[in-house]
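Go by the hints and put chains B and C onto chain A.
Protein chains in written order, with our numbering: chain A, 56 to 497; chain B, 332 to 632; chain C, 72 to 388.
Calculated from the structure, these hints are not laboratory results. It should be emphasised that the depicted structure is a prediction, and the values quoted were computed from it without experimental measurement. Please note that the accuracy of each hint is not assured.
Said to hold, decoys possible - A short, non-exhaustive set of chain A residues, derived as facing chain B with CB atoms under 10 Å:
| no. | residue |
| --- | --- |
| 1 | Thr-133 |
| 2 | Gly-144 |
| 3 | Ala-148 |
| 4 | Gly-321 |
As the list claims (entries may be wrong) - Computed beta-carbon distance windows for the label pairs:
| no. | chain 1 | residue 1 | chain 2 | residue 2 | range |
| --- | --- | --- | --- | --- | --- |
| 5 | B | Ala-608 | C | Pro-263 | 52 to 60 Å |
| 6 | B | Phe-387 | C | Gly-223 | 25 to 33 Å |
| 7 | B | Trp-365 | C | Glu-265 | 21 to 29 Å |
For every residue, glycine included, the Cβ atom is placed at its ideal position computed from N, Cα and C.
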Amino acid sequence: MPRRTASLLSVLSTCALLLAGCANPSTGSAEDDPTKPVTLRFWHGWAEKNEVKAINDSIARFEELHPHIRVKAIGNVTDATVNQALRAGGDDAPDVVSSFTTDNVGQYCSSGMWVDLDPFMKKTGLDKHRVFPTALLDYTSYRGEQCALPLLADAFGLYYNKDAFKEVGIERPPRTMSELKRDAAKLTRRAKGGGYERVGFMPNFRLYENSPERLFAQWGPSYFDKRGKARLAEEPAAREFFATQRELIRRQGGYGPLERFRTSFGDEMSSQNAFLTGKLAMHLDGEWRGRSLKDAPFAWGTAPLPVPDDRPETYGRGFLTGTVVGIAHSSTHQNAAWELVKFLTSDTDQVVAFANAIHNVPSTKAALASPELDSDPAFRTFLRIAGNRYSSALPASINGGQYVASLQDFGYAVESGRVPDLGKGLRELDEQIDADNLQAQN
Amino acid sequence: MTATTTLPAPAAPSRPAARRSPAPAARRRAALEWIAVHTVALAAALFFLLPFVFVFLTSVMSDDQAMSGELWPHEWHWSNYAEVFSTPGFADWWRNSLLYAGLGTLFTVCSSVPVAYALAKFRFRGRRTAMLLVISTMMLPPQVIVIPMYLVWAQQLHLSGSLWPLIIPMAFGDAYSIFLLRQFLLTIPREYLESARIDGCGELRTLLRVVVPMAKPGIAAVALFQFFYCWNDYFGPQIYAAQNPGAWTLSYGLESFKSAHSVNWNLTMAATLLVMAPVIAVFFFAQKAFVEGVTLTGVKG
Amino acid sequence: MAPLTAAPALRRKAVRERLRTLGFLSPWLIGFTVFFGYPLIATVYFSFMHYNQIETPTFVGLRNWRYVFEQMPLFGPALWNTLWLVVVMVALRVVFGLGIGLLVTKVKTGVGFFRTAFYLPYLAPPVAATVAFVFLLNPGTGPVNAILGNLGIHAPNWFNDPAWAKPSLVMLSLWGIGDLMVIFMAALLDVPREQYEAAELDGAGAPATFRYVTWPSITPIVMFAVVTGVVQTMQYYTQALVAGKLASGVSVGPGSVIQPGYPDHSTLTVPQLVYSLGFQNFNTGAACVLSLVLFAIAMAVTTLLMRRRAGLLSAED
Chain A
56 MPRRTASLLS VLSTCALLLA GCANPSTGSA EDDPTKPVTL RFWHGWAEKN
106 EVKAINDSIA RFEELHPHIR VKAIGNVTDA TVNQALRAGG DDAPDVVSSF
156 TTDNVGQYCS SGMWVDLDPF MKKTGLDKHR VFPTALLDYT SYRGEQCALP
206 LLADAFGLYY NKDAFKEVGI ERPPRTMSEL KRDAAKLTRR AKGGGYERVG
256 FMPNFRLYEN SPERLFAQWG PSYFDKRGKA RLAEEPAARE FFATQRELIR
306 RQGGYGPLER FRTSFGDEMS SQNAFLTGKL AMHLDGEWRG RSLKDAPFAW
356 GTAPLPVPDD RPETYGRGFL TGTVVGIAHS STHQNAAWEL VKFLTSDTDQ
406 VVAFANAIHN VPSTKAALAS PELDSDPAFR TFLRIAGNRY SSALPASING
456 GQYVASLQDF GYAVESGRVP DLGKGLRELD EQIDADNLQA QN
Chain B
332 MTATTTLPAP AAPSRPAARR SPAPAARRRA ALEWIAVHTV ALAAALFFLL
382 PFVFVFLTSV MSDDQAMSGE LWPHEWHWSN YAEVFSTPGF ADWWRNSLLY
432 AGLGTLFTVC SSVPVAYALA KFRFRGRRTA MLLVISTMML PPQVIVIPMY
482 LVWAQQLHLS GSLWPLIIPM AFGDAYSIFL LRQFLLTIPR EYLESARIDG
532 CGELRTLLRV VVPMAKPGIA AVALFQFFYC WNDYFGPQIY AAQNPGAWTL
582 SYGLESFKSA HSVNWNLTMA ATLLVMAPVI AVFFFAQKAF VEGVTLTGVK
632 G
Chain C
72 MAPLTAAPAL RRKAVRERLR TLGFLSPWLI GFTVFFGYPL IATVYFSFMH
122 YNQIETPTFV GLRNWRYVFE QMPLFGPALW NTLWLVVVMV ALRVVFGLGI
172 GLLVTKVKTG VGFFRTAFYL PYLAPPVAAT VAFVFLLNPG TGPVNAILGN
222 LGIHAPNWFN DPAWAKPSLV MLSLWGIGDL MVIFMAALLD VPREQYEAAE
272 LDGAGAPATF RYVTWPSITP IVMFAVVTGV VQTMQYYTQA LVAGKLASGV
322 SVGPGSVIQP GYPDHSTLTV PQLVYSLGFQ NFNTGAACVL SLVLFAIAMA
372 VTTLLMRRRA GLLSAED
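One chain only, chain A, in its complex shape (with noise of 0.2 Å):
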């Protein structure tokens, strides 16, 4: 039927029409002059009240040196809703966006989602080499492009309960895995019924901060080839990791019980939290952490957390992350933009006050040796996390965070003993992890 014909014709047209239209959305322009008045949007993902007047008192120091520029900051923003936003693009997309994780730079810089800094760098004279530590900057770029500078760091380390310590009669906290199973089979304490009061340390993944990538940095693992393909398989720190932390788990009790507690924790960002209640002896945590612990009742002390026995001389290291802010590819003041990032992420003093006002670990070398930070010596203990040369960060990956996530599944069936071949489930995760990578290029 010749009328049933052109409706369908028509429809089709329509959606072809529609179709063809999808490419990228809005761009953006550098052509701006940040002399000129102009009001950015600024969007980052603290949320508490202190985070939020630091933060906002850091834009109000700005403003003041910049007075043609008003800043519009919104707080509570997630990455899933930066990376949706600057897809769909629009009058409310943000200049200026942050990341509380590293996860998404790769995806960001190859994207072209967030815009390459380098230049901005050239046009007003900032030498990055001279002004950011280089791990700081090898997890803010992707393959020599730098779309992202880093607005502090965060450093892991051990928290321990120095009277548990003495309780048991351990002197310092451990330096080697050895170390740290002896010491945490010693912590541990049963309760009557087949409970714990205490556990030494406890390694499952799912605890707090406990995501498998922050422990194995401890061995320093590369996660992928020079071509970018995984090699978690023919890496041998990656099975002795595992083993260790099977090994950690056996001598406290076992997956089950140690679980069975951990689910009876209490939120970690609450007084419930289960090292300040006494239930945990050792802690992986990051440099934040100390703030909240300063009520807490019974001693406590910081330090690196342990390495293999056969590399004692990186003792000293650990994971390092941060928050990360970059330019948006829509945004048509990305001059202006590059104002507020430069004297967010350089500017010492504006470095060093914001670090002590939510105490991170400032991300600048000036910064980081600046006599105004703070002095407590739990808080420096991270600091010089932060400046080993042996201290390491997630590669960069096209996929984002995915290999994280395919990482941390895997952690999870092995720590729970489904597992059975870990040098087959290791192959079987690398295919894993490049079937993900292929399928995010193009």
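Just chains B and C, lined up with the frame of chain A:
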């Protein structure tokens, strides 16, 4: 073919057992049955009501007590509610929920009534096919078509970050509402319409003057359903409004409320009750239409 | 073409009627084309493209299809969970709804109270109900396990245990049984009373009465409840997502990579995976493949339903 629109008669003596002068044994059996039934009913009522009670009690506890697993508040912190209301954004969520649910309902009813009327009362070729398509749309999970739809709204029309991508489509008929209204309109005898036509009314006037007044209960039920659908919707706002906190609805905001107040279960529970409250309030005002509507969905042919 | 010999007046009338029908149907015709027809075609189109929603889409043939069916580890669990919920949740909901409906018809004292009490949870918005349940069932800090512990019962970890997470979701859905209760209650009260009296005279016990009197007359409603239950459960999204997210305890914070379906993907449903692929990984192609899988399942169920009719379409007056 009648749609079951009658309300279940309250307290109808549904069992024929308790009449006639019963023998003592039968009476004892009836008494035992009474006890058994009401015991089970009480147990069920506890299952249905206790969560509300716990949520309420927790909502007036202090931060620390809310995490203790204790049941009764040491002190009554009514200020928790004030604190929830003063959370930045909470008032916006309310406004947005009302906007989404209000406009969504209005649009849906206005656009669905004529379609349902045509499907119920007009004779035309392809009517059966049209009805089949309506039902198919109704059956379809919204996730099936969300991606291209999102791309159009976000990249061509630049309306993501608002609730309009959710509200505008409702001006073009909603399959579920069309279906329900049609079922209801089928029960209106054709003679009424004929006589209206003889009086010289055009179809549009027949619809507005005769059909709509007669279909009020059905329209009320559909409106209520749509209102609650919008109010409860989480998926839609997550897709379209997530990137703009200024456009969040209560249902969406509540979940992020927990993220931002990870330690304050008491505040989260207070917020939870505040999200539930309007729905329950509307229920008590519109109980009749509501039960009727639910029954309407259970129509048999 | 209408025969040319027809009287012009008649033809005009036919045209007018057709226009009238089109006019009344127009909102839906437009809506159906723009918000259903187009996206469906576009979903098929994108399932053959690589498109990260930034760069221009490129044609990749069957790559997305192969990826979903052969390489994506979450596809299996998601499909399994959705089917598990479709079977278990729907079955239990129907049984429980019928039970509560029966109970309400038998209650003689405080009918109003019981009906309202049983109905109320249905009104709780799904997000709110889920948040409440995650809190109540929290193994460490929630009141339910505290009570069970005091009674000496070894309580499960509910939403934190891969084996218990789905049953916990089922419990949540049973809590909101109000809609089914009302439908069944109406159906039960519709059973002709004479039939009960006849059964009583025959000396039939309660089970026999239910089997031979009640059941036959409520079968259509049970069918209806099953069908709509299946359709709703295939879309099951909000409760599973919110429960998994909150129970995992992961809030926005440093290094938050969240895999959906905590714990161990036990609450990951197909709709969630569509969202996760399409709006978190921006793997548009794979998300569209999965959408089409969901579409195929939904269509299969709908076709089955059309054949059984289940009372949905029979009223042709």
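Open item on the list: Min Cβ distance, Thr-133 of chain A to chain B: is it shorter than 10 Å?
Closed with: 8 Å, holds
Task: Closest C-beta approach of Gly-321 of chain A to chain B relative to 10 Å, hint status - done: At 5 Å from the nearest chain B Cβ, Gly-321 of chain A passes the 10 Å test, so the hint holds.
Open item on the list: For the hint 21 to 29 Å, verify it against the beta carbon of Trp-365 of chain B and that of Glu-265 of chain C.
Closed with: Hint holds: Cβ distance 24 Å, inside 21 to 29 Å.
Task: Restraint check, 10 Å cut-off on beta carbons, for Gly-144 of chain A near chain B - done: For Gly-144 of chain A, the interface hint holds, since the closest Cβ of chain B sits about 7 Å away, which is under 10 Å.
TODO: Classify the hint on Ala-148 of chain A as holds or violated, based on whether any CB of chain B lies nearer than 10 Å to its CB.
DONE: 8 Å, holds
TODO: For Phe-387 of chain B and Gly-223 of chain C, compare the CB-CB distance with the range 25 to 33 Å and indicate the outcome.
DONE: 27 Å, holds
Open item on the list: Assuming the hint says 52 to 60 Å, is it satisfied by the Cβ distance from Ala-608 of chain B to Pro-263 of chain C or not?
Closed with: 41 Å, violated
Figure legend: structure checked against the earlier numbered hints; the only hint not met is number 5.
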